[in-house]
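A.B. asks: Put chains B, C and D on the given structure of chain A with help from the hints.
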Amino acid sequence: MSAGNGSGRSWGFFAVAMLTGVVALSFGFGFVLLPKYQGTQGPYSAKDSLYHALGLHTHGKELGSVQPPLKVPTYIVWTDATIRQAMGGDAKRGEFIALNCNACHVEQAKSTEPWIPILAGLDRLVTYKQLDDFRSGTRLSGPMSAIAQSLTPQDYADVAAYYASQPGMPENTGERMPHSHRTYRNPDPLQRLIFAGDPKRGIAACASCHGPGGYLIGAPALTNQNAAYLGQQLQAFAQGTRANDMNMPMRTIARLLTPEEMKSLASAYAKGLAELQ
Amino acid sequence: MERSRLLSLAHLWAAFLCFLPATGLGLWQLLMRSPLPVPVDDPNAYYASLTAHGSIMAYVFPTLFIMGFGYAIAVSALGRPLRGENWAWAGFVLCVVGSLMALAPIAGGRSSILYTFYPPMVGNVWYYLGVAVVIIGSYFWVALMLINFAAWKRENPGKPVPLAMFAITTCALLWGWTALGATSEVVFQILPVSLGWRHTIDAGLARTLFSMTLHAIVYFWLIPAYVAFYTLMPQAAGGRLYSDTMGRIAFVLFLVFSIPVGMHHLFMDPEHGSGFKFVHSLLTFIVALPTLLTVFTITATLEIAGRARGGKGLLGWIRALPWNEPMVLSVALALLLLAPGGFGGLINMSYAMNAMIHNTSWVTAHFHLIFGGVVVIMYMAIGYELWPRLTGRPLITKRAACVQLWLWFWGMLIMTVPWHIAGLMGQPRRYAIFDYTDPGVAKMAWLDILSVVGGVILVCSAALFFYVLARSSLASAAESISPIRYALAVNPPARVHPLLNGFMFWNVLLLALVLITYGYPVGQFFFLHNQDAPEHSLTREMKR
Amino acid sequence: MEEEHHYSSASEPERVSPSISRSAALEALKNGPRGALVIAATAVGLLLVGWLLFYFVVFLTRGAVG
Amino acid sequence: MAELLNNEGASGLIPEETVERTERRWLFAMATVLGLMLAVVVFTGVTQMMNPLSDVETINPATLHLQGEFVESNLGTAVETDGSITLRFLAEQYTFVPQCAVVPAGTLIRFRLTSPDVTHGFFVGTTNTNAMVVPGYVTNVMARFEHPGTYTMPCDEFCGFGHHAMAASVVVVPKEQFTKLRPEERITTCGAQ
Chain A
1 MSAGNGSGRS WGFFAVAMLT GVVALSFGFG FVLLPKYQGT QGPYSAKDSL
51 YHALGLHTHG KELGSVQPPL KVPTYIVWTD ATIRQAMGGD AKRGEFIALN
101 CNACHVEQAK STEPWIPILA GLDRLVTYKQ LDDFRSGTRL SGPMSAIAQS
151 LTPQDYADVA AYYASQPGMP ENTGERMPHS HRTYRNPDPL QRLIFAGDPK
201 RGIAACASCH GPGGYLIGAP ALTNQNAAYL GQQLQAFAQG TRANDMNMPM
251 RTIARLLTPE EMKSLASAYA KGLAELQ
Chain B
1001 MERSRLLSLA HLWAAFLCFL PATGLGLWQL LMRSPLPVPV DDPNAYYASL
1051 TAHGSIMAYV FPTLFIMGFG YAIAVSALGR PLRGENWAWA GFVLCVVGSL
1101 MALAPIAGGR SSILYTFYPP MVGNVWYYLG VAVVIIGSYF WVALMLINFA
1151 AWKRENPGKP VPLAMFAITT CALLWGWTAL GATSEVVFQI LPVSLGWRHT
1201 IDAGLARTLF SMTLHAIVYF WLIPAYVAFY TLMPQAAGGR LYSDTMGRIA
1251 FVLFLVFSIP VGMHHLFMDP EHGSGFKFVH SLLTFIVALP TLLTVFTITA
1301 TLEIAGRARG GKGLLGWIRA LPWNEPMVLS VALALLLLAP GGFGGLINMS
1351 YAMNAMIHNT SWVTAHFHLI FGGVVVIMYM AIGYELWPRL TGRPLITKRA
1401 ACVQLWLWFW GMLIMTVPWH IAGLMGQPRR YAIFDYTDPG VAKMAWLDIL
1451 SVVGGVILVC SAALFFYVLA RSSLASAAES ISPIRYALAV NPPARVHPLL
1501 NGFMFWNVLL LALVLITYGY PVGQFFFLHN QDAPEHSLTR EMKR
Chain C
2001 MEEEHHYSSA SEPERVSPSI SRSAALEALK NGPRGALVIA ATAVGLLLVG
2051 WLLFYFVVFL TRGAVG
Chain D
3001 MAELLNNEGA SGLIPEETVE RTERRWLFAM ATVLGLMLAV VVFTGVTQMM
3051 NPLSDVETIN PATLHLQGEF VESNLGTAVE TDGSITLRFL AEQYTFVPQC
3101 AVVPAGTLIR FRLTSPDVTH GFFVGTTNTN AMVVPGYVTN VMARFEHPGT
3151 YTMPCDEFCG FGHHAMAASV VVVPKEQFTK LRPEERITTC GAQ
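Protein chains in written order, with this note's numbering: chain A, 1 to 277; chain B, 1001 to 1544; chain C, 2001 to 2066; chain D, 3001 to 3193.
Extracted from the complex, chain A is given alone in its bound form (with noise of 0.2 Å):
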């Protein structure tokens, strides 16, 4: 092999030649030839190609599109800050603010007033919210109102950490033992509807965000609630007289449900799913 020098760097430098050429290509195609012809208003200027081929260009956002008048549905965020707030609760103080709480929740639980649900058990961060909700008027209830009025953030995240140590619902952690009949080869309606959803009409599974096997930020898990209570929020979701749920997941879903789905998923989780086989 004529292992001249001669040779060894012209190999290298024949390699290095064509590898700028093929990069050299690629870049003049995709900076410069292709962006220019992508505008609907004929062809762009070479500076707007390098722009729109680098995404600078967001055509969509200048439209500055008029919108109908906003709606607000919870002014919770999941930042850090309002989660370690809100599970950072002491139980023996929430305990003591609970006792008048008790005076509805804990009674009444029991018969099937429909608009008073259990709380024993209830996941902190969906207690905190709800109360912040009520609080800010995004969820309307005359009596919840004025006494979410009357507590602080931290008293929330107190009453939430003492029922959440109740017991009562399960906490939903996501996890469940895989178990069949959860798919749509389930011959009961209802069970695909809480397992396996239903993608024809486009309702999610309710088990994906509420449990058992599916967990949520912000959703309750609901196994053992109050059925009247469940049947009447999904019945409020539908209407759209209770509009609390962020980004509108309950809403959009509880709309597409018929009313006997309804009341047969509130039974059926009111009954802690227990039944179902």
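No lab work stands behind these hints: they were computed from the structure.
Computed from a predicted structure; not experimentally measured.
Hints should not be assumed to be uniformly reliable.
Below, computed lysine-lysine pairings styled on DSSO-like, alpha-carbon distance capped at 27 Å [said to hold, decoys possible]:
| # | chain 1 | residue 1 | chain 2 | residue 2 |
| --- | --- | --- | --- | --- |
| 1 | A | K61 | A | K71 |
| 2 | A | K263 | A | K200 |
| 3 | D | K3175 | A | K71 |
| 4 | C | K2030 | B | K1443 |
| 5 | A | K47 | A | K36 |
| 6 | A | K71 | A | K92 |
| 7 | A | K200 | D | K3175 |
| 8 | A | K200 | B | K1443 |
| 9 | D | K3180 | A | K61 |
| 10 | D | K3180 | A | K71 |
| 11 | A | K36 | A | K61 |
C.D. replies: Then chains B, C and D, alone, in the frame of chain A:
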């Protein structure tokens, strides 16, 4: 007998031991996606199984196999004991421990985030620590390959490095460079979040860093299959390698062009402009060259063997080839699978055309056909080739081995062709279950059922593969086992151009290319002043 | 058998697999790898035609991109 | 390339060069084939404006519901002041909002999506409208549907345990049936639900 054969054997046993159950998971997943009845039909179990199937088939199985094969090559091709064998064992232990660390939370359903990391979705911290430990273990192998390569070159100045060693060192170097992408994503972005030190993550930067690994890892898997093409098949077919030089050029092209193509996985992403997407698309066309070169060189090699065995006429040599040799049969079947597999790749990489099939089942079918087909069928053939030399016992049957390879070939085609069609019909990717009462989905029912048939054949084939190796390991020892030997080229070069005998020059080119093609795409995230996304864990890993 | 350079295959001669002589290999190649060229060329031709078909018939008919 | 390939080896036999020349000719042929395909990509890219999405637009995913373009009241089909049509979706864990959108056939539609939680993706029926939705970024994709009908719009990127049931639908109505909207009006349901 081979030196340090126990080291290679341990790697191969570990690789195939987790490969077999992973094929079983694959079949269960095919059943879940089909209208057929299936036990434990739970979508959550599917996503956990898919995470396990993907993690094993993409990280654990190929990495362990390639490390084992690399050590076997280093010892036999360089004809000297492996330098740093206890480091090699340490790397092996790390890989096994890392795999178990990763698989534990998956089995517990605590890390069903699939295997391609979807920040801001975050799984259990042990999964990421496990993957990081496997990668660290594999870096031991990268270091040892480079050390042995350099040591041999110092002792044999001016001599061409044996092609097999040159190729596997290219593979090690490629993996060394490309793993930096995914590793930096895991170490700098995901681990801090899953350990609770940070609570937000830049999904755009994470996807871009992962894309640096996502394609080059495919060539990390493919190169060992090509090592068998170039250096083990010619003598099994009874011929000689058509061109040693062109083989080295192909491996060098892989090294230089594998990483700066990664953004063809991000064509449809909102965090990049179309400019660099086109640059990566064009470079992906270039990285198709070495495969096209190899197809011709290897077919020519087969032709030499066929004609040397008396094959006449234009294609008469095909019949004359020894089709009962597993290595020859597997190379032919791999080339046949490479055609449709490569075709899918050509479509995926063609810039705007990616929009037709992005994240549909077409993509899943493509990488099953080209990795599960072309690469894995060669891993099996390499397994058959190395087993007698590593265990000191002859392969009990070559006929069963050939039947197994044919089953794998047909199983892979029957599974993936309908899958490609379903992808074109708009079947979205990574769905656990399909609602076949929807007419749009019902149209694909027969395709998903056909894929299950393919899956059944594949699992039988995998079981037969395991049986042949296991039975051969128990057979009585024999002294007449020939050592691992490598093919002669038609014109074995006395000296090879210095650029085809070392990597310094190519490393420089590679780094320059990666800087040019990934510099801005990665750099933009540091001045984009965008807000990071809050982390989301599916199974409430974030206890605060 | 003519003296063969073994280093490009393996560092030690006994690690080079016995194979046909170089002259036999050259004999097999006397009129070039015609079969391989035909097979590889048809394969690549099919890929190109298939790609063009897919591009113009399946892809472009599915509407604008981005 | 010449010196590299024809290392004449021991006896400089003629086949030495023929092997290398064949390989070089094959390399050149393959380069032309790939070049041809690249030419088709570039040609159609220029003539038919075929380009993957290219607008890098950032947004704060945590406060989408408080202010900005993706507040809940601004989602759905909108007719902009310049007459162009924009279709805004939120892709969130396990549903698109709105779940059903109406658009006119044969008109250029600007899809704009973002995600408040994890990475999603979407494609519309079997058209080329296909893109990822990454939290912290806004996906801006142009589309045009010639044939009226209902197109399924599934989420095509794994987003969690509810991924398999996440699908919206895009109803394409003939252009004349598309109700004329004032700029501040939005269509968020498909009516015939």
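A.B. asks: All hints are to be evaluated individually against the structure, with a verdict given for each.
C.D. replies: Comparing the hints with the structure gives:
1. Annotation: proposed proximity of K61 of chain A to K71 of chain A holds, straight-line Cα distance about 21 Å (limit 27 Å).
2. Between the alpha carbons of K263 of chain A and K200 of chain A the distance comes to roughly 21 Å, so the proposed pair stays at or under 27 Å and holds.
3. Simply put, K3175 of chain D and K71 of chain A have alpha-carbon atoms about 30 Å apart, too far for the 27 Å limit, and the pair is violated.
4. A C-alpha spacing of about 54 Å is found between K2030 of chain C and K1443 of chain B, which places the hinted pair above 27 Å, so the restraint is violated.
5. With a CA separation close to 9 Å, the supplied pair K47 of chain A and K36 of chain A stays within the 27 Å bound.
6. In summary, the hint linking K71 of chain A to K92 of chain A is not supported, as the alpha carbons are separated by about 37 Å, beyond the 27 Å threshold.
7. Taking the CA atoms of K200 of chain A and K3175 of chain D, the gap is near 26 Å; set against the 27 Å cutoff, the hint holds.
8. Among the hinted pairs, K200 of chain A with K1443 of chain B is consistent with the structure: their alpha-carbon atoms are about 14 Å apart, no more than 27 Å.
9. With a C-alpha separation of about 23 Å, the suggested pair K3180 of chain D and K61 of chain A falls inside the 27 Å cut-off, and the hint holds.
10. Distance check on the hinted pair: K3180 of chain D and K71 of chain A sit about 24 Å apart at the alpha-carbon level, within 27 Å; holds.
11. With a C-alpha separation of about 20 Å, the suggested pairing of K36 of chain A with K61 of chain A holds against the 27 Å cut-off.
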